[in-house]
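**Q** If you want the building blocks of each chain, they are given just below.
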Amino acid sequence: MNITLNGRLKKINPAMTLRNLVEQFCKNPNHVIVELNGTIIKNERWASQEVQDGDTLELVNLVGGG
Amino acid sequence: MITKTEIPDAPLTIAGKKFHNRFFLGTGKFRSKAALAESIAASGTEIVTVALRRIDLEHHEENIVEYIPKNVTLLVNTSGARNAQEALRIARLAKASGYGNWIKIEVINDSKYLLPDNYETIKATEMLTAEGFIVLPYMFPDLYVARELVKAGAATVMPLGSLIGSHQGLKAKEFIKILINEIDVPIVVDAGIGRPSQAAEAMEMGADAVLANTAVAAAGNPAQLAQAFALAIAAGRLAYLSKLPSAQSHADASSPLTGFLFEQ
Numbered sequence: 001m002n003i004t005l006n007g008r009l010k011k012i013n014p015a016m017t018l019r020n021l022v023e024q025f026c027k028n029p030n031h032v033i034v035e036l037n038g039t040i041i042k043n044e045r046w047a048s049q050e051v052q053d054g055d056t057l058e059l060v061n062l063v064g065g066g
Numbered sequence: 067m068i069t070k071t072e073i074p075d076a077p078l079t080i081a082g083k084k085f086h087n088r089f090f091l092g093t094g095k096f097r098s099k100a101a102l103a104e105s106i107a108a109s110g111t112e113i114v115t116v117a118l119r120r121i122d123l124e125h126h127e128e129n130i131v132e133y134i135p136k137n138v139t140l141l142v143n144t145s146g147a148r149n150a151q152e153a154l155r156i157a158r159l160a161k162a163s164g165y166g167n168w169i170k171i172e173v174i175n176d177s178k179y180l181l182p183d184n185y186e187t188i189k190a191t192e193m194l195t196a197e198g199f200i201v202l203p204y205m206f207p208d209l210y211v212a213r214e215l216v217k218a219g220a221a222t223v224m225p226l227g228s229l230i231g232s233h234q235g236l237k238a239k240e241f242i243k244i245l246i247n248e249i250d251v252p253i254v255v256d257a258g259i260g261r262p263s264q265a266a267e268a269m270e271m272g273a274d275a276v277l278a279n280t281a282v283a284a285a286g287n288p289a290q291l292a293q294a295f296a297l298a299i300a301a302g303r304l305a306y307l308s309k310l311p312s313a314q315s316h317a318d319a320s321s322p323l324t325g326f327l328f329e330q
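First to last, the sequence lines map onto chains U and C.
With this note's numbering applied, the first sequence corresponds to residues 1 to 66, in that order.
With this note's numbering applied, the second sequence corresponds to residues 67 to 330, in that order.
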């Protein structure tokens with residue numbers, strides 16, 4: 001299925017949870033903040049939240065800045 | 067290397083938190099995470115700014131938080147936000163990171179000068195304080211705007227010294243002085259501070275703290291310069307507390323005017 005991930009179209013396997021996705025794309029899931037279709041999804045819910053076709057996902061984290 | 071910059075002074079209190087070091091360090095643009103960690107240690111800073119960005123899915127990077135000691139307060143900036151709504155979105159994401167809810171509002175609409183949009187900053191301050199964030203807004207020193215920010219619940223006001231990353235120093239000096247005289251919340255001078263002497267000058271004027279980033283990150287020896295900043299800020303603060311005499315236009319002899327060996 002197709003999703004928009006960090007602004008880019010990506011093809012991913014069907015029946016993925018957010019946890020699957022974060023682990024696939026991020027080396028260190030501990031510091032990742034997830035926003036799904038404009039809503040922040042807390043860590044505890046990643047395993048139960050399924051990713052749907054057409055979802056927009058933002059995976060963000062804290063970086064150096066002034 | 068830890069800097070001892072203890073001077074007889076009350077701590078700087080922001081939203082009930084006490085800071086004994088009045089140097090705020092920005093964490094952007096360091097050539098290595100190790101240089102950042104050393105700069106934090108060498109300066110003894112108790113509060114650093116960070117930003118929020120999309121994860122780079124192509125290149126794995128160590129997370130910045132791993133390099134910041136647990137007792138240092140994280141101040142997440144809303145850089146990237148072009149208006150109050152975007153600042154709010156960033157703030158909510160920052161809060162979800164679990165690293166507290168202290169937010170430096172940075173709302174900028176122009177990439178050449180990176181000047182803060184004072185009006186969107188007021189709006190953002192209102193929106194964020196309503197959601198319980200501790201808000202430290204970065205602003206262009208305008209007295210009316212500073213008053214609105216305080217009214218909106220800002221915990222401090224952060225007027226720019228000069229353009230971000232420019233090393234121009236205290237170009238906005240006279241207008242920062244107005245804020246120091248008229249605004250009751252702490253004044254943290256932020257942006258454009260290129261040398262410790264400029265930071266010392268800001269403190270001598272009565273600023274409550276100084277934030278520097280580019281100067282330290284871009285220095286030949288960042289940790290040493292970070293230490294120099296902390297020392298200069300403590301010196302400037304001690305000077306301010308000592309009530310500096312004013313400049314005058316005529317001389318005032320330092321040695322006695324009587325008992326000269328030679329007839330005057």
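It is worth saying that the hints were derived from the structure and are not from the lab.
Be aware that a few hints might be false.
Unchecked claim - Chain C stretches covered by chain U per the calculated footprint, using a threshold of three residues with CB under 8 Å from any CB of chain U:
| no. | segment |
| --- | --- |
| 1 | 92–102 |
| 2 | 111–123 |
| 3 | 141–153 |
| 4 | 240–252 |
Cβ atoms here follow ideal geometry from the backbone N, Cα and C, with glycine treated the same way.
**Q** Would you list, in rising numerical order, the hints stated earlier that this structure does not obey?
**A** The structure breaks only hint 4.
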